[in-house]
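So the sequences go chain by chain: A and B. Mapped onto the working numbering, the consecutive letters of the first sequence carry residue numbers 206 to 601. Mapped onto the working numbering, the consecutive letters of the second sequence carry residue numbers 206 to 601.
Treat the hints as calculated values from the structure; they're not laboratory data. Among the hints, erroneous ones may be present.
Stated by the list, open to error - In the PhoX-like style, the derived pairs of lysine-lysine whose C-alpha atoms are separated by at most 20 Å in a straight line are:
{"id": "1", "chain 1": "A", "residue 1": "Lys-286", "chain 2": "B", "residue 2": "Lys-409"}
{"id": "2", "chain 1": "A", "residue 1": "Lys-369", "chain 2": "A", "residue 2": "Lys-409"}
{"id": "3", "chain 1": "A", "residue 1": "Lys-286", "chain 2": "B", "residue 2": "Lys-212"}
{"id": "4", "chain 1": "A", "residue 1": "Lys-230", "chain 2": "B", "residue 2": "Lys-230"}
{"id": "5", "chain 1": "B", "residue 1": "Lys-398", "chain 2": "B", "residue 2": "Lys-409"}
Quantities reported herein were computed from a predicted structural model and do not represent experimental measurements.
Number of protein chains: 2
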Amino acid sequence: MIAKSMKPFLEGSSVIRAMFEEGKKMAKVYGEENVYDFSVGNPGLNPPQEVFDAIDYINHEMDPHLVHSYPSNSGYESTRKAVADDLNERFGSDYTPDHIIMTVGAGSAINVIMKTIFDPGDKQTVFAPYFVEYGNWASNYGAETIVVPASPETDFQPSVEGLKAALCPEVKVVIINNPNNPTGTIYSAETIKALCDVLKEAEKEYGHPIYIIADEPYRELVYTDDVVPFIPDFYDNTIIAYSWSKSLSMPGDRIGYVAVAPKSDEAEEFIAAAIVANRVSGDTNAPTIMQLIVERCIKARSDLDYYKRNAADLYKIVTEAGFEALYPKGAFYLWIKSPVEDEKEFIAAAKDERILIVPGSAFCCPGWVRASFCISNETINRSAESFANLGKKYFG
Amino acid sequence: MIAKSMKPFLEGSSVIRAMFEEGKKMAKVYGEENVYDFSVGNPGLNPPQEVFDAIDYINHEMDPHLVHSYPSNSGYESTRKAVADDLNERFGSDYTPDHIIMTVGAGSAINVIMKTIFDPGDKQTVFAPYFVEYGNWASNYGAETIVVPASPETDFQPSVEGLKAALCPEVKVVIINNPNNPTGTIYSAETIKALCDVLKEAEKEYGHPIYIIADEPYRELVYTDDVVPFIPDFYDNTIIAYSWSKSLSMPGDRIGYVAVAPKSDEAEEFIAAAIVANRVSGDTNAPTIMQLIVERCIKARSDLDYYKRNAADLYKIVTEAGFEALYPKGAFYLWIKSPVEDEKEFIAAAKDERILIVPGSAFCCPGWVRASFCISNETINRSAESFANLGKKYFG
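Isolated chain A (complex conformation) (with noise of 0.2 Å):
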């Protein structure tokens, strides 16, 4: 009685949730202070104290109705307003409120995009290692997902040959991820250009607009002097996909939206068909006293030194232990090889000592593994110890 069509996802069911609830589980078992949980992006940090406030002015200060009725399906035009202005501010666009719709979170974001562009056939090509829900989501309109294999060799910048192979006049969309889960790196501004060129000159081969969907819920999140690029610099057909999620540390709240490039394609037409699409969806809109709380804290972040301070523990941690991992830039993932070929085995031996961490392969990238650092610097630091034990076991 359940639909065909659901049998993949439910196959594919997430490995990452799964160990979610498997560490809650540990939890209760162990105690929470002794299971070291890596699994997911869940933020271990406090929101920021403009979000409280925020919240008791929405709840105090402004009337009911605006808070608690329908807005527009896009969102509040003041909302959207404060989001443009930001954009503006801080990249020198020219996004107008009209550019963009208030989402629940960059996965709901990313899935207006997607229902606006695909029709059955069509594809969409992402660079591995890659968040393996941007298969589903695009499954979820009929489109097949095309694959670029990772580059170790070149510390996990995509590859631009590696692009040229993987598209083919049914790619409609190509998904930057930037900084990177799970890799933690950051895409430079040369493999930036150097993929868009690619892409121009794919859209001029095949007749038809070839959009990049930039999936940025980590843009704030950097720990180096890297710079991420603004790709609506480099290519016109580009929609963002933001969160708050990271950035304010609320990842359960649900908060983005959908910023179309003024430049982009006929792009009066495509935000008319994306709100109709986010309505059609049944969300309706974005839940309103989220779009106000973020109104409110356009310019508020989460404590970026307690990133970067689980950062260059956690790395240290695990280079002392033996292992070789990349240098986390941005996000907060650190990206670990593991010892053995089969990092599902890395991965239940690190569970024995207590330690969850995800498998690459869930990232279409196996012979690593991913460690999510977002949790408290002395859970992270009580973890030396597993860490040194399991590094034993490989390194003697």
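Since the structure of chain A is already known, use the hints to place chain B on it.
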């Protein structure tokens, strides 16, 4: 560049929403107090005090990490328990927290259910007049909608013979919306029993389950002695889609649930699939603050007397102006017979009097119009002169 599959959605773009946007424009021109906007079911009432108190408690007394981080995809166990316990207490049912999935409002709940059930080529049956978004939502999953014609002769109680004629082996879902939008009627226990008997026979004949989606955002909004039948008492394969939009006057906040009847076929498998459907929709989970609000407000209600008074006042105004209308037993809509065959002419004439009402054809029931009376009682009473003028145009 817009998906071909978006075209039907764009062409059938919501008449109600267009009216809503127009109402906002007219309010700017004529002043808010001079526009009688009966278009959208957007409660004019503020949420009850419990909602404001709950927000304060959540913001100041609860662990911020619990409040703002990811819950399970199905929602907080404590929230699901509150929902299950409340249903059991009110209806003598035996839901557990595991039968409940928290969603982004009822729209999202229905989409989750449909994604779980529908394969392309499947069908659903709905009773006119009905909320046309049902058809859009089904077509998200490639399913078609068969409409049972309206029965004005029985005051819009759905036709049992009509249901029989509208069934075929491809039908997997029948939607029942009670109390009803747009007629304001309540389907009686007798009607529900007769419909369920037909469906039980059809399940046997076709050899597969037919699910009733009980869309019940108006369950608590009843103004007469009529009782809203609890459909799981009549039919095992019932899945409830609920929203607090109306009962707590907070439609912008987007919070609802799916409740899978414990006795439904392979309930456990269904629930597991529905949780995945909720995740891969991109929503990930229902907004956390909203979950915690409704958990603390499970017994709270909007002021029913407010709507009851509105129902009586608007009915009086409209019928005294010479129009025929159905007395609203529930929901917050007055269903008015158009004095001319093409109700769009009537709607244009009403607009000249700054009265905004919605055509029955938007509910697959031309010749009638819907007036939402969830706006302020002052606005309703101020509209009397305009309705009287409108009546004079038709009845002299």
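Here is how each hint holds up against the structure:
1. At most 20 Å may separate the alpha-carbon atoms for a hinted pair to count; A:Lys-286 and B:Lys-409 exceed this at roughly 56 Å.
2. A hinted pair counts as satisfied when its Cα atoms are at most 20 Å apart, and A:Lys-369 with A:Lys-409 qualifies at roughly 14 Å.
3. Under the criterion of a C-alpha separation no larger than 20 Å, the hint pairing A:Lys-286 with B:Lys-212 is inconsistent with the structure, at around 28 Å.
4. The hinted pair formed by A:Lys-230 and B:Lys-230 fails the criterion: a straight-line CA distance of about 53 Å is larger than 20 Å.
5. Proposed proximity of B:Lys-398 and B:Lys-409 is supported: the alpha carbons are some 17 Å apart, at most 20 Å.
Comparing the model with each earlier hint shows violations of hints 1, 3 and 4; every other hint is respected.
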